[in-house]
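Trainee: Residues per chain, in single letters:
There are 2 protein chains.
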Amino acid sequence: MKAEKFTLVRHFDGFPKSTDFKLESEELPGLKPNELLCQAEFLSVDPYMRPYTRRMNPPITMIGSQVAKVVDSKNAKFPTGSYVVGSFGWRTLTVTKIGDVATPGDAELLPDLGGLAPSYALGACGMPGITAYFGFLELCQPKPKETVVVTGAAGAVGSLVGQIAKIKGCRVIGFAGTDAKCSWLKTLGFDVAINYKTCADIDAALKAAAPDGVDCYFDNVGGMLSHRVRQQMNLFGRISACGAISSYNDKTGQESQVPVPEGPIVFKQLKIEGFIVSRWWNRRAEAVQQMAAWIRDGKIKVQETVTDGFQKMPQAFMGMLKGQNTGKAIIKV
Amino acid sequence: MKAEKFTLVRHFDGFPKSTDFKLESEELPGLKPNELLCQAEFLSVDPYMRPYTRRMNPPITMIGSQVAKVVDSKNAKFPTGSYVVGSFGWRTLTVTKIGDVATPGDAELLPDLGGLAPSYALGACGMPGITAYFGFLELCQPKPKETVVVTGAAGAVGSLVGQIAKIKGCRVIGFAGTDAKCSWLKTLGFDVAINYKTCADIDAALKAAAPDGVDCYFDNVGGMLSHRVRQQMNLFGRISACGAISSYNDKTGQESQVPVPEGPIVFKQLKIEGFIVSRWWNRRAEAVQQMAAWIRDGKIKVQETVTDGFQKMPQAFMGMLKGQNTGKAIIKV
Numbered sequence: 007m008k009a010e011k012f013t014l015v016r017h018f019d020g021f022p023k024s025t026d027f028k029l030e031s032e033e034l035p036g037l038k039p040n041e042l043l044c045q046a047e048f049l050s051v052d053p054y055m056r057p058y059t060r061r062m063n064p065p066i067t068m069i070g071s072q073v074a075k076v077v078d079s080k081n082a083k084f085p086t087g088s089y090v091v092g093s094f095g096w097r098t099l100t101v102t103k104i105g106d107v108a109t110p111g112d113a114e115l116l117p118d119l120g121g122l123a124p125s126y127a128l129g130a131c132g133m134p135g136i137t138a139y140f141g142f143l144e145l146c147q148p149k150p151k152e153t154v155v156v157t158g159a160a161g162a163v164g165s166l167v168g169q170i171a172k173i174k175g176c177r178v179i180g181f182a183g184t185d186a187k188c189s190w191l192k193t194l195g196f197d198v199a200i201n202y203k204t205c206a207d208i209d210a211a212l213k214a215a216a217p218d219g220v221d222c223y224f225d226n227v228g229g230m231l232s233h234r235v236r237q238q239m240n241l242f243g244r245i246s247a248c249g250a251i252s253s254y255n256d257k258t259g260q261e262s263q264v265p266v267p268e269g270p271i272v273f274k275q276l277k278i279e280g281f282i283v284s285r286w287w288n289r290r291a292e293a294v295q296q297m298a299a300w301i302r303d304g305k306i307k308v309q310e311t312v313t314d315g316f317q318k319m320p321q322a323f324m325g326m327l328k329g330q331n332t333g334k335a336i337i338k339v
Numbered sequence: 007m008k009a010e011k012f013t014l015v016r017h018f019d020g021f022p023k024s025t026d027f028k029l030e031s032e033e034l035p036g037l038k039p040n041e042l043l044c045q046a047e048f049l050s051v052d053p054y055m056r057p058y059t060r061r062m063n064p065p066i067t068m069i070g071s072q073v074a075k076v077v078d079s080k081n082a083k084f085p086t087g088s089y090v091v092g093s094f095g096w097r098t099l100t101v102t103k104i105g106d107v108a109t110p111g112d113a114e115l116l117p118d119l120g121g122l123a124p125s126y127a128l129g130a131c132g133m134p135g136i137t138a139y140f141g142f143l144e145l146c147q148p149k150p151k152e153t154v155v156v157t158g159a160a161g162a163v164g165s166l167v168g169q170i171a172k173i174k175g176c177r178v179i180g181f182a183g184t185d186a187k188c189s190w191l192k193t194l195g196f197d198v199a200i201n202y203k204t205c206a207d208i209d210a211a212l213k214a215a216a217p218d219g220v221d222c223y224f225d226n227v228g229g230m231l232s233h234r235v236r237q238q239m240n241l242f243g244r245i246s247a248c249g250a251i252s253s254y255n256d257k258t259g260q261e262s263q264v265p266v267p268e269g270p271i272v273f274k275q276l277k278i279e280g281f282i283v284s285r286w287w288n289r290r291a292e293a294v295q296q297m298a299a300w301i302r303d304g305k306i307k308v309q310e311t312v313t314d315g316f317q318k319m320p321q322a323f324m325g326m327l328k329g330q331n332t333g334k335a336i337i338k339v
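The listed protein sequences correspond, in order, to chains A and B.
Take 7 as the starting number for the first sequence in my numbering and just add one per residue.
Take 7 as the starting number for the second sequence in my numbering and just add one per residue.
Any given hint could be a false lead.
No distinction is drawn between identical chains; accordingly, a pair holds when it is met within one copy or between any pair of copies.
[To be verified] Once the Cα atoms are required to be at most 30 angstroms apart in a straight line, the calculated DSS-like pairs of lysine-lysine come out as:
#: 1; residue 1: K257; residue 2: K203
#: 2; residue 1: K149; residue 2: K257
#: 3; residue 1: K174; residue 2: K274
#: 4; residue 1: K149; residue 2: K274
#: 5; residue 1: K192; residue 2: K203
#: 6; residue 1: K38; residue 2: K172
If you are wondering where the hints come from, they were derived from the structure by calculation, not from laboratory data.
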């Protein structure tokens, strides 16, 4: 039994290249007691993969999670035919042993999503959904009628944050990188969507979109756009710092620069809190079930950008980093 | 009866200049019911004066607080001979009416400091002390044995923060701009003091001083030094953003730049909170009495850099912005 897998052969330097990855074949061992053989059906590419690999030591199997079918099992809790969500990396077949305590890195049974597509367990009802739910609600503490800005708004997390903010009664402004994405955001209920790549005057556009200033900012991008949003935050504004995709692909020694950030932080008494979703992992069921319910009720709309074929994972990953996806980027095996 | 006062005649542009100020004489009216005539004995120059005047419309009497003696009174609560702390601006004599509700801008009776010098009401037992006490304890939430970094450590606020951190059982590292200041910080109990102006490798010096990383950072300066400290923060580190003096004197359109700040904020899950001391003004007595008690008990040492003569206020202010003061900068009339 052979698995295909992508090995990251070197650290990314600047924007990832196809040659940073190598498609390899791996002979799998037979199952020992408690082990499962899992066959990937859907795999995920996410922005975090770019910065997280910095602290690893290539060559490594490229990191990531997947929805997989258990095709052989010596573990009664995970019978053959059941589905799991596992952080197995970019591989088609995986032999794994499920730990007793679930952490974000462990595999677990696919949650009951009440009939929603299993791939949602990688998106709105999985890590990105848990990220949006807790990262926004816990750190921004939005109040009805407050103004919320979301950057990376058409991405897997941002598109959910904006819709959660609408459910909570907020005015929502999204920044995205194409007119098509901005049109889509409007169909999701965003009050205003701004194409940050073509907007001639972002300060003026934001001022027009947020005449009463910005109370909450869910930041997926960092860098200059975040600098500009900070200038229009209100007193005691809250910033949930989820990601910094605008600088993930900076070459070493050529990091992007921004004007010093402390002015508005001090004088507007802003609170900026960075987070990794693992801090709420013990509460993930709350987020997953609420997201699934909102989706089933039609209150949250989900879009996936699906790439067919395991061998296209590097292209899907690089495309996602370029913003080619709308909503969640998924690879279907 | 004539008062002397300094008028700020134009907005500062870049570093303040003597010609930004004009010494003027003002004829005072007689007292109406409830009014007092207050004669300045000690005046304060503080970093906030530089950025706060940006939003005002010169010509204005330059802003600031003072300890003054009531030399005439038509208000029974403030009899002749009593002392007040008031935000009267840079003036020798002031006619004022005390409001019913005290805000940071109002005058109030000098608090009972148990025999400490009245000028302390402008420093360790006044606004800077309240700033240090709440800004550090409330926002950094220091735990015993944690590592605390303070920038602007030899200033009015920073020198108090470091000593409070020692009282709370922390390891304390201070950054200051002269070797003399660093030596003084050591006499206050700072574990390590680093001269950021002459240190050849701040990253290495901080790493040596904080081998277990930095848990709390009380930031008075912002800019590149804060960027460097953020790189060595621990997971869930807390940053209290009190000031950004390193960029206060930037010329318009020539703002200092730093590498994008979001990387460590996200991945170390840092919490950065800016503040203005007024948010705790209703609790100020707690801070003032605790600071006074610590000073009387010898647990906190206070130093003032005193300039003699009202007419030297601009020089004292500019000197403070250049870091010529150690501890609190005070002007004695």
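Trainee: Decide, hint by hint, whether the structure agrees.
Mentor: Hint check results:
Taking the shortest alpha-carbon separations for K257 and K203, both the intra-copy value of 21 angstroms and the inter-copy value of 29 angstroms come in at or below 30 angstroms. Neither within a single protomer nor between protomers do K149 and K257 lie at most 30 angstroms apart by alpha-carbon distance, with minima of 39 angstroms and 38 angstroms respectively. For the identical chains of this complex, K174 and K274 are neighbours both inside a copy (24 angstroms) and across copies (28 angstroms), given an alpha-carbon limit of 30 angstroms. In this assembly of identical chains, the alpha carbons of K149 and K274 lie at most 30 angstroms apart whether taken from the same copy (18 angstroms) or from different copies (27 angstroms).
Taking identical chains as interchangeable, the C-alpha atoms of K192 and K203 lie at most 30 angstroms apart only when both belong to the same chain, with a minimum of 17 angstroms there against 52 angstroms between chains. Taking CA atoms no more than 30 angstroms apart as the test, K38 paired with K172 passes in neither setting, with 49 angstroms inside one copy and 55 angstroms between copies.
Of the numbered hints stated above, those contradicted by the structure are hints 2, 6, listed in ascending order.
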